[in-house]
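Trainee: Each protein sequence line maps, in turn, to chains E and V. Using our numbering, read the first sequence as starting at 1 and increasing by one per residue. Using our numbering, read the second sequence as starting at 1001 and increasing by one per residue.
Accuracy of the hints is not assured; some may be wrong.
Claimed, not checked - Now the in silico label distances, taken between C-beta atoms and shown as ranges: (1) V:Pro1488 x E:Ser25: 33 to 43 Å; (2) E:Glu10 x V:Arg1471: 33 to 43 Å; (3) V:Arg1027 x E:Gly112: 20 to 30 Å; (4) E:Gly168 x V:Ala1424: 48 to 58 Å; (5) E:Pro29 x V:Leu1421: 51 to 61 Å.
Simulated from the structure, these hints should not be mistaken for lab results. Since we're looking at a predicted model, the values are computed, not measured. Virtual Cβ for every residue (Gly too), placed ideally from N, Cα, C.
For reference, the chains in residue letters:
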Amino acid sequence: MLIARDLSKEYRSGDNTLAVLRDVSFSIPQGALVAIVGPSGSGKTTLLGLLAGLDAPTSGQVILDGADMTAMDEDQRAQLRGEKVGFVFQSFQLISTLTALENVQVPLELRGERGAGERAAELLRRVGLGDRLDHFPTQLSGGEQQRVAIARAFANEPRILFADEPTGNLDSETGARIVELLESLNRESATTIVLVTHDLTLAARAERVIRMSDGRVVSDTLSEVAV
Amino acid sequence: MATPASARPRRAAVWPRLFALAWRESRTARRRLLLYMSSISLGVAALVAIDSFSENVIQSVHEQSRALLGGDIVATRNAARTPAVDSLVDSLRAAGVASATSTNFVSMALVPRTGGTRLVQVHAVSTGYPFYGVITTEPASAWGQLQSGHNIAVDPALLVSLDARIGDTLTLGQATFVITGSLENVPGDIGISAAIGPRVYIPERFVEETQLLTFGSRADYQTIFKLPSNVAPAFFMARFRPRLLAGANGNLQAAGYNESRLASAIDQLHDYLALVGLISLLLGGIGVASGVHAFAMRKIDPVAILRCLGATSWQVLTIYTLQAAAMGLVGALGGVVLGLGIQFLMPMALEDFLPVDVTVHLEPSAILLGLGIGVWVALLFAMRPLVALRRVSPLQAIRRSADADALRRTRWDPLRITLSLAIAVTVLELGLSRADTIQRGVAFTAGIAGAIGILWMSAAALSWTARRMLRPTWPFPLRQGVASLYRPGNQTRAVVLALGFGVFLMGTLYQVQHNILTSLDNRLGEARANVVFFDVQDAQKPGIDSIIRAGTNELIEETPIVAMRISAINGRPTTDIVADIERERREQRAAREEGRGGERRERRGPWALRREFRSTYRDSLTRSEELVAGKWFTAPLPNGLGQVSLDSSVARELGVKLNDTISWNVQGVQVPTVVTSLREVKWSTFAPNFFAVFDPASLAKAPKQFAILVRAPDATAIARLQRDVIAKYGSVSSLDLTLVQKTVTDVLGKVIMAVRFLALISLGLSVPVLFSAVAATRRERLREGVLLKTLGATRRQIGRIMLAEYALLGTLGALTGMLLSTGSAWATMHWVFRQPFSPAIGPAVMVAGAMIALSVAIGLLTGREVFAETPMAALRAN
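Isolated chain V, as found in the complex (with noise of 0.2 Å):
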């Protein structure tokens, strides 16, 4: 048998080898380290998911851009272009600098075959309108003809809405249009938005015809500009922003900005729905490092086998390191597989939220970015648990003692150590690279490692109880299973874990949903009105209350509402005071500039001061209102001053506080006013809700418009209602809340939906994370159950104890997990939605049922081998 050492094989490089041996060693472990694996594919997709498909998103909105805007630069005024904007524009014109324009306004829509009637938003474009991006319609031709005469094209959505056809005519004001065609992809259109506003297009020069821009109207005059491409937007924008806007409120906007403001948009919602991932991937972690537990129990006797035959440690840690990569690897790489599915399905599912059309393409960034983080979550996971066979001791070979001791001699391994070190660091990074601030990341970081800790304490304290609560008493059945749960080596710390977590997921998810989907019930409930007319002058008031009444309707409220400007705070013009902040917003960003400075410290903003307040006048505060400082009107006061009640925010934006005086200028009469209270306003109520509100002596002899808000019995009344007060009072618009309550329900139908969508995916990724905790202690079990056999359990008796062990942790994991989710529903709509909250007991009960249900399947199928061994089996084992 010897050889001579001369003709020995030379020694190779010993880790091909190992590869071949992890390998080979490999071969009936494959299929349950993959399911193992598996638990981190959700994850993996998820984040490839989200993070392909926002890249895309930014793409084609940067691709998009000057289609989305029309043009290069788009001015908008409030008031119409005085002559020395038109005269600017032409010499632009002559200069080489395109332009076209556009008068958008709101208005009530007519059909007179029909009598439909609806709120239109009304876009008048010059011809040349928009230089970029094609405005599509059906037929093709109605687009180009367009200018030819008083042509329209509306939003399809209208001509459902009002039974109208492509020929018949629409009257806007006092003018008649002919439907020649309907919009069928606008550049930039958020498909929702047609459902309350929807658009239609009339030639420009009509708009006079229409009789509906008087004084005190809103809309925006647009001209949109087509730079020659030696022209930088943003030399055009500094030079000519002062003489384009003078003489009126509004901004100039470029391609560019446009752009960076979506992909901050974008931006953000990518974290957010990022860290949902991320979670997922966590979890997925769980799963590995239970079932790698469960895998390294197995390979107890090979490792001992391995160390007899001359392997050190560090190769049985390679091998099985080698085996949890590979299988980590495909995991990860069905990850991604799935994940591309996902991002190709999205913009179908998102179509309608999205203002672009979305090119879908492969991002090898997000790709390898979601493969790298999924291989590298699964190898710290994995590797945890199998670093303790390194410790393995020769041993077993001989002389075999029970899973839990070969493996328990490592507590303080400092390879373990280290290791969970690394995973807390892991965590922590992913946080914080998806977060938009540090203090979200570390937040979000503290809670996942809070909930886990409330987690495992609550198990521990669990197989504690279990522990002193046993009685002799009870039923054989019951203190077995009891007993499972603080035996050595119990999986009761992983099983509550992997259900608490799950339960938490979709426990936050649905609580969150109800609250959401609660308060806005609450409060279309509490609009009594459906119907809200406005824009009503004061003459035409009383001709509109009386077609109110001459039907079976409610008149609700009427709102007076008053147009008006500040002129002065504190005796100090608000020319000065704009020119204050001004200068000393220069003066900090030069000191930035030049380093010397810190933060902005100039919180007043010039916008509050130079905008328009439309105000009411009341005697009473409203329900969506809480007075937070200063005393309500009451008598009038000595000095004759007027009285004026401000929301809080609007206060601190002007810098003004309590007893201070402001002078308005309500179309050219100055009312001296002092501030008297502040108010807190709940702007997302169904009710009309002011900045300034005034003491009714200092407005009443105001010019003014009206809100009236009515209810009619049902939808023919809203019609007919809406109707006759259009046919008789053309500059009135209406607006049909039923519509919007319907559209809004129908929003939220796809929220739920996805949030279902979201319930289910956790629910899914929950199954092989809990089969992974359930296969740690498989063969002890087995073992066990046999052994049970053979001193004659029945099978019931066996399913008995499996049942009292199932049930206990799934409803203790289910609990923990149920008031974790309360508490994580209860901040998020504390501090992202800022809405109250109320526990969901429904769907909260509904969630954990269904996982103690799953734990107890999954507890029963695995152990249904139990019931397939017979006891001989027990016998030959040792």
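Next up, chain E with everything else stripped away, as it sits in the complex (with noise of 0.2 Å):
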């Protein structure tokens, strides 16, 4: 489903060259839940901006789902994303103009799709915030922020999903009822999941863990299994 293949990047500053990651690859199929661990600088977020087409890499390659992002331009990125790719971030990155049902709605409406309205509030009920559509996310606790973030991931029905530090802003027990949610979506749909984080429980709930320090995978319990 995801391919990535001698990913590398680098940014030049003036005469400098800092090379945040080397020669990465691996292959995740469909519907695999995936965490990707290592510490602060190890580059696993500038892994997950490649992987999600948000940024181009300096050398090598990504195939989503069979389509080769590395050769598009940003504008078919975008398209691509809006398709097959859904997104949770840290800080829950809600849109703060918008209420509840309207930044689930946004991915829909980007495309055109009709009964943008009925689908988002069905997602937000299936994500316990039935009831609370018309708010906006200054109005709503941190865990309720980063669960109509997860209606908004899945409205497009993405093959894949990306998470980067989803429970970083959160306490424990809701950061624990967030990955539930997200473990159960996952078996459900069968949409991919990867988790970018530095907290080794939520790892630990992976079925498979991508370890990165200084820019290259260290160790991948796929493999580690395999061997």
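Combine both chains into one complex, guided by the hints.
Mentor: If you want it as structure tokens, here you go:
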């Protein structure tokens, strides 16, 4: 479903070159729940950006559901994201001027889909926020905001969902509930979930853990099991 | 969660959904965006008001053009009608062309009861006048009864200045009239002219009784015609002009001609004012650009999220352009409403200056044009900063860089460059459409571009200098404030541009006003005389001199005036020369019509050759003249010819150069002269000036009249002097110069008020523009200020930092604007008013000071949030 091939990313600042990722390769099948872990500065957020098509690598390829994202321009990647990718962020990243319902509708409206309102309401009920449709993000707790974000992430029935530190801004109890929600959605809809986190307890709940350090993959439980 | 593909809803058009999304997403930004867009409201208001009102005036002139003239055709002669003309008018009457007559001249009026005297414009009218338009009087019956006896209807201002009432007698020359009514409304009357020469109406048959129109007196003899509907004015004029004007100088006017003359004068004024409106619009555009730039900064996060969720760059641009367009439309609509309000108030403010009663009504074309231009300008200026948003990377959602970096990658954006070009083309097009010549339009655009360019460069220079000038030994608040001027994403250019432009506008207005007033003051001051007597016959002069000397009056000057006409130039009679000119003009016209010829080459005008000259003789130049060619009179010429010095523009009109000979017909006597010098005359001084000045020997024996300039010690002495002279010499006219001065000052007072009003508008315009400019880096400043507070900075220190930054910005903007305004004021005085210029330091400093204060105030006002935020906010933000 998702193939990373010899991915590298370098940043240039004046005469200095900073290599953030070096030769990262792996593949993730449909329906998997994968965690990418590593300390701060290991390159995991950069890797997430490349895998989701938010950025272009310096070298290497990312193939998402058969489409070579590295050969596409910004707008083509955006359209691909709109069709196949869902996002959950550490800081929720809801649009503050829209209600919960309207936030969830956004991906559908960007694609001009009819019935966005009904679908969004259904999704919010599914995550337990059926009575909060008209609330603005500032009127919701952290956990509620993250649930709205998850509902939004599933609005366009994504093939893959990327979560960047989804529990980073939540207390442990709320965080646990969020992870449960993600797991159940993963089971029901067979959506691939890629989690980036530095929380090892959270990572342990994934069926596969890819460990990063200094821009490289240092261990991959899949290959370890295979080994 | 998955829905089978067959059950998926059909895709509707994306765009309606984008509209909805744009509307919803704008919720918290609408008020701020509206504030930025209000920058263009004033410009739109000015355009709508000016366009609508001038349309109204032109329409009113069109509707009232016949009333303005009083008839379909008016024939004006400077000499009485000959019997031949009278019999022509009679036969025309028999053929159905109604006619009336009006003899117009200037005379002194005296009210014996009060002793008050005043120079008045006398209209001696026959029955039937006017054919169109209505002259209303108080009491209403006075006009209808005018012809029934020695009745006179007078301007109400005259009653006041002569302290007279209805029923008093009033003498004009040797005739006495009874004041039966005051004039309430005379079509075509321009209010302010009444202050100089109030009108009076008498029956025409009593003109002879006044004995005022003797040989040599100036009067206009008008015959007013009302044509039957089947006669075209053009036909009538072509057919009867030579016969109606035989034996005199004069012209024929049709209502349409008058109307087109007025219309073109109104058009010119309208174009000039519209330029002012355009400048306001452009300044507003700058405000919009700054404000929308600030708006775009705030939208970096939502845009990044949208990009993650699948929005293409064009969808992002569409969403925010829709928001800007909606608010731009509201801003422009607000401007339209304001403009309509001004339009309805304008007749009241301008009624003294307009020749017609203006009916104000809505002009849809002006409204739509103003609205369209406003929305277009707002959209262009708004889109320029907005296009940067489409390049915001979705990566911002997971890794946030500084605002300036997020939008900075877009420097060589082709879309942005296209928009800049579109703005330049729009400015040029707007300037061209309002200017009367292409050169003026291009000059206007170039001037604006130049001003903006200079402001931009001075801002860049400030940033550059600030970076190099910074010294570690300076106190921290000063260093921090100065550093703000050149840090990445600084607002130096936007604020200097907004501020400098405002100072430029206001400074120009004030400097021009100051210069005009000063030069007028000088001229008024130069005129030592406060009373002038004219039409003084040679024989009357000794008597008047003794009356003058009897009081404590000072005789300033006695200028002889000799009436004459040119009879030959270089030996060729003028009739031949005029025939030549007219033949050449006919040929050139024919050539143009056949497509052969080019422009008019014949520069001489027949007017100068046919007109009556009133000349004088002197042995010296006056202060208002300058010799530009030849030599002034010294000794008499050996060949016995007289010497004449001509005004250089008249010499050009006549086609005459130095050493040419001109033969003058001085009331039957031929006076041959040589042109020995040319003069440049300052015509707008308060002294008698002459086209032709002769050496004393040539004219000393010619029949002449005198203009006598006197200085009387006070107002009572002036009145007494005038009364004494007119009592003995009824044909002599006099003018109280202090009255003229007062009228001029009054008119200027109104002009000054208008200028102040415009300046206030400019100031009012600058406020939202400055706010927008300053708002651009609000978030950065907030973050930085809160961070400083966390690190221990006190409110006072933060206040000083802001003070340093804004004081520097304000000072630079104001100084640059001041210099620019001095330049533009000089250009205006030199090219438009043709007067000398001296920089007005006082007003310029005042304007600059006001703007610096404004800049600091706005800076501190927007910075007050920094005082309010707690340091916790800084920690939470990340």
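Trainee: Which numbered hints turn out to be false for this structure?
Mentor: As far as the earlier hints go, not one is violated by this structure.
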